[in-house]
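Chemist: Protein chains in written order, with the numbering used here: chain A, 25 to 103; chain B, 57 to 238; chain C, 865 to 1012.
One thing to keep in mind: the hints can contain errors.
[Claimed, not checked] If you want a taste of the chain B side facing chain C, the calculated C-beta under 7 angstroms gives, among others:
{"hint": "1", "residue": "192"}
{"hint": "2", "residue": "195"}
{"hint": "3", "residue": "197"}
{"hint": "4", "residue": "198"}
{"hint": "5", "residue": "199"}
{"hint": "6", "residue": "213"}
{"hint": "7", "residue": "216"}
{"hint": "8", "residue": "217"}
{"hint": "9", "residue": "220"}
FYI, nobody ran anything at the bench for these hints, they're computed from the structure.
All values derive from a computational prediction rather than experimental measurement.
Yeah, the Cβ is synthetic: ideal placement off N, Cα and C, and Gly gets one too.
Residue-level listing of the chains:
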Amino acid sequence: MDDAELARALRALPPAPEAWVQAAVELPRARRELDAVLARLDADAAFRAAATADLERALRAAGFGAGERQLDAVRAHLR
Amino acid sequence: MTDAELVAACRTGDEDAWAQLVRRHARYVSAILRGGYRLGDADAEEVFQEVYERAYTRLESLRDPAALRPWLAQLARRAAVDRLRRNAREDVSDEVADRADAAAAAELERLELALTVRAALAELPEHCREIVDRFFACDESYHVIGAALGIPAGTIASRISRCLAKLRAQLGGRNSAAAGVG
Amino acid sequence: MTGGNEACAIALAAAADCVAGAAARAGDRGLAVQAQALAQRCEALAEAAHVAYAGATAALDARAERHDVAIGAALAAGAEAAVRVAEAAADVAALATASGEEDPDANAAALLARAAARAAARFVAVNLASLPGDERLARAAAAVEAAG
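Kindly generate the complete structure, drawing on both the sequences and the hints.
Modeler: Next comes the structure, spelled out in structure tokens:
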């Protein structure tokens, strides 16, 4: 391996941004939260109505801190 | 833990194992998306999450747990191509995807070499691993490294040189071992 | 169009490559690998500087509603690109000196790097004219001093 190749190899794997890594690490917890929201939407008509009217407010009021990806999943479930 | 052991632990619902799995391969997945497929930051961030979501939901389907890394690479490639197709105009999306795959292939080969070098680096003392990683992978200047590690900036280059000599010896040892096999 | 900061980064990449050659001739592969890494780093910085310059030009030309915000963001990106070039320049100068400035290639690289550090620091100052306390100004000044 010449000098340029070694330099390139050492530079090729920079750290992934910590925010990305942390979000991926928290996937199991985020999934559990999402499953809880979806179950409640199916079981609780009032909650479903509130979520249909204003999803983010309804989730906040219920104590769910959903990110954009989870919001998309909930919107898809509501359709 | 080996990758196979990590996968087995994740399959039992062990969230610490999942965290370790994510962290162990994060640089590699990120490099495929940014270095290989040249996704911009916003796309790369979303696709990075998609890759790990797919990995999490499909982990049971991984037939050979020891092949976790190439499996993640495959997920990353597919997710990157899906994103590029989505971003391209419909009439050229196949062309865009094919070009991206071809361009990424060379980079992915270089990443294999990078992983070999990184594995050799992992065998060196911690002070070498840190200083080499900061300069090369993190693109930190001698001044920044010196300030972070509390050592004079003027000594950083020679310290790195000594660590690189150890790294070459480690890589040379790996080559000899490989040559002796089979 | 090539902005001045991008030109500095391009020149630095070439200077770093010179240093790599000088270090290799002197038998110092450790320095040669670091110089190669700096050349690669400066190539990437040149790309980033190009994008920042294009963004700044577009923001200044635009008549968009959030004009000031766009310009502020563009100037911040420009300052960030410039301070990184200044810091890379200090590193190239350090390696050129370590490789032995009696080698004419290393000497040329050192002179280019010192000039690039000063030029890049000026771009930091220009981009941060409305933010006199920004820490990047101090970083740029430190890079100029370290470059020699």
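Chemist: Take the hints in turn and mark each one as holding or not.
Modeler: Cross-check of the supplied hints:
Among the interface hints, the one on residue 192/B holds; its C-beta lies about 5 angstroms from the nearest C-beta in chain C, closer than the 7 angstroms criterion. Taking 7 angstroms as the C-beta cut-off, the interface hint given for residue 195/B holds, the closest approach to chain C being about 5 angstroms. For residue 197/B, the suggested interface contact is upheld, since its CB lies about 4 angstroms from the closest CB of chain C, less than 7 angstroms. Nearest Cβ of chain C to the Cβ of residue 198/B: about 5 angstroms, under the 7 angstroms cut. The hint holds.
Interface restraint check for residue 199/B: the shortest CB-CB distance to chain C comes to about 6 angstroms, inside 7 angstroms, so the restraint holds. Hint on residue 213/B holds. Least Cβ distance to chain C is approximately 6 angstroms, under the 7 angstroms limit. Interface hint status for residue 216/B: upheld, as the beta-carbon distance to the closest one in chain C is roughly 6 angstroms, under 7 angstroms. Because the beta carbon of residue 217/B sits about 3 angstroms from the nearest beta carbon in chain C, less than 7 angstroms, this interface hint is met.
Satisfaction of the interface hint for residue 220/B is found here, the shortest Cβ-Cβ separation to chain C being roughly 5 angstroms, below the 7 angstroms cut-off.
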